[in-house]
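Taken in sequence, the protein lines are chains F and S.
Here the first sequence stands for residues 1 to 310, numbered as in our numbering.
Here the second sequence stands for residues 1 to 267, numbered as in our numbering.
Just so you know, not all the hints are guaranteed correct.
[Unchecked claim] One side only, chain F facing chain S, incomplete, derived with CB under 7 angstroms:
| hint | residue |
| --- | --- |
| 1 | 62 |
| 2 | 66 |
| 3 | 67 |
| 4 | 68 |
| 5 | 129 |
| 6 | 133 |
| 7 | 140 |
| 8 | 143 |
| 9 | 147 |
[What the hints assert, rightly or not] The calculated PhoX-like cross-link candidates involving lysine-lysine, where the alpha carbons are at most 25 angstroms apart (straight line), are:
| hint | chain 1 | residue 1 | chain 2 | residue 2 |
| --- | --- | --- | --- | --- |
| 10 | S | 243 | F | 132 |
| 11 | S | 7 | F | 136 |
| 12 | F | 188 | F | 210 |
| 13 | F | 82 | F | 136 |
| 14 | F | 177 | F | 132 |
| 15 | F | 85 | F | 136 |
Honestly, the hints are just simulated from the structure, not real lab data.
Quick caveat, the model's predicted, so the values are computed rather than measured.
The C-beta atom is built at its ideal place from N, Cα and C for all residues, glycine as well.
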Amino acid sequence: MIINGVEIRDTFAEAFPMVGTRLIVTADTPEWALTAGRTTTGFATSVIGCGCEAGIERTLAPEETPDGRPGVSLLIFAMDFKSLKSVVPLRLGQCVLTCPTTACYAGVEGGKRVPLAKTIRYFADGHQISKKIGDKRFWRLPVMEGEFVCDEDTGSVEGVGGGNFLILAHTRGAALKAAEAAVAAMTKVEGVILPFPGGIVRSGSKVGSKYKGLFASTNDAYCPTLRGTVPSQLPAEVGSVMEIVIDGFSFEAVAEATRVGIAAVCALGVEGGVVAIDAGNYGGNLGPFHFKLREIMAGDGAANGAGAGT
Amino acid sequence: MSGVSLKPRAPFEARVDMAGITPAVTCSLTLRELEPLAVPYGARSVPLAELFFIESAPEGVLLIEIGDARLDGVGAGMTQGELIVDGTVGAWAGRGMTGGMLRIGGDAGDFLGAELSGGRIELGGSAGAWVGTASSGSRRGMSGGTIVIAGSAGAQAAARQRGGLIVIAGDAGERLATDMIAGTVSVGGAIGPLMGRGMRRGTIFASAVPDALPAGFIDTGAHELVAVSLMARRVPELSAMLKGWTLTRRIVGDTLMGGQGEVLVSA
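The following block holds chain F by itself, in its conformation from the complex (with noise of 0.2 angstroms):
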């Protein structure tokens, strides 16, 4: 398949089930809101070293927040629930309560409870307070800026991780133009995020290494500068590659993502510098999630859920 002069292999990007919730912060201004969100999700770009992913699925109008003001919503995904519930009331309790002005709020009702101020909540010494609104519980603890105001729980869903697409281009500038421009894309479509630093991996992986201990390892099949040392699958006249990752709430939403990403790739088409988009597998043994590159760009790749054969 040939989209602009860009080629679309025929693979596959294979991904896991990884466990994952939504908060809803919000601040008196965007930008604070925007601080607690990126400081939230820092240092959250994969389960491998940081014991989930996430990031920023979108900014929010004050008129879509609890409470009316401008706010955030954020995605974080981990491997197991027992993760899960571990790790956001680290972040939570590190990065939202610590932020001026800010406030969290569930952003999925159902599933299993992921606790937020229902832990967070002794912060306050004995001070907290609760308001029972229908049939959600907020708490409020007073700090020194004013009060922090959180739900005491958030609900959970089982997602997806690792979804993912390479971009392979002439140069490096043309790979990262490329890749900033599917971001740019991918970041509209709602249930995902692009965990790592500003939605690209510079630094994808193989599994295993020939050092013990090492789970992962640089993809030398991808690294232009070990062509023709190790078996590559980079043709003569690609000098970088640029990878996407992808968490999503579901199968169909890391889909979306993936096309409209690719989408916008192929857009800068071959004149661009790109040569052709690939994508991370392990020939069907990491995950039961595949996204046909192909079937994908054809249109019906939402079709194929868990358990697509490769």
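Fit chain S to the given chain F structure using the hints.
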């Protein structure tokens, strides 16, 4: 599920206990099956049909066409459906309701919504004493649901309230929220003396600082409270009162009882 209309045959000569005559009951029976239902009437018990003309009404609704201050326990124990009273009711209306809607066009006697745990009461007139309180011998009053009063409320409203929302558009009598445990009450008019004695938690939204706060209340000053914005948006009954509040004066009490309740007033 059919609806039922009850129209008094004549003015009542004694108090009538309507507890148990709820939409769940009336709408599950035929009109003929309703006729022999026993209703306490003064010192005796009479068939429902002896007191009321029983006719059909819109589905799911129990309609009492002419209210009377001698009708006690209207809507008591309601779990679902809608009960509408065109007029006044006596004491204990909506007592122990767990669900459904009770609309009373006129006034209500004492103990409106006592021990309410769910559902909603809308009162077009004023209520007597002890709105949302506990029954004798009970420690906890209203624990959930909503009571909206268009007029005023008598003494001891929200006493021992444990949860839920009471909205009083008019005045509240003396000893509002005595021994309040939790929940929310708002008063659009004046508040009588000795408000909040023994209050442990809970929130009182007041239109002005009450004249006679008990000794255990401490004014913490004016604050920007996100919780007020949150309630203004999420609680429709409070949105009109809280709209435009930027600074909120917070008075905490009853600290003599170790309480962390609060009186919130627009600063």
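Right, here's what the structure says about each hint:
1. 62: Nearest chain S Cβ about 10 angstroms off; hint violated.
2. 66: holds, 6 angstroms
3. 67: holds, 4 angstroms
4. 68: This interface hint holds because 5 angstroms falls under the 7 angstroms limit.
5. 129: Cβ of residue 129(F) sits 6 angstroms from chain S, so the hint holds.
6. 133: holds, 5 angstroms
7. 140: holds, 5 angstroms
8. 143: At about 11 angstroms, which exceeds the 7 angstroms cut-off, the nearest Cβ of chain S leaves the hint on residue 143(F) violated.
9. 147: holds, 6 angstroms
10. 243(S) <-> 132(F): Holds - the C-alpha atoms of residue 132(F) and residue 243(S) are around 20 angstroms apart, at most 25 angstroms.
11. 7(S) <-> 136(F): Distance ~40 angstroms between residue 7(S) and residue 136(F) Cα, so the pair is violated.
12. 188(F) <-> 210(F): Cα-Cα ~39 angstroms, so violated.
13. 82(F) <-> 136(F): Satisfied, since the Cα-Cα distance of roughly 23 angstroms is no more than 25 angstroms.
14. 177(F) <-> 132(F): violated, 49 angstroms
15. 85(F) <-> 136(F): holds, 19 angstroms
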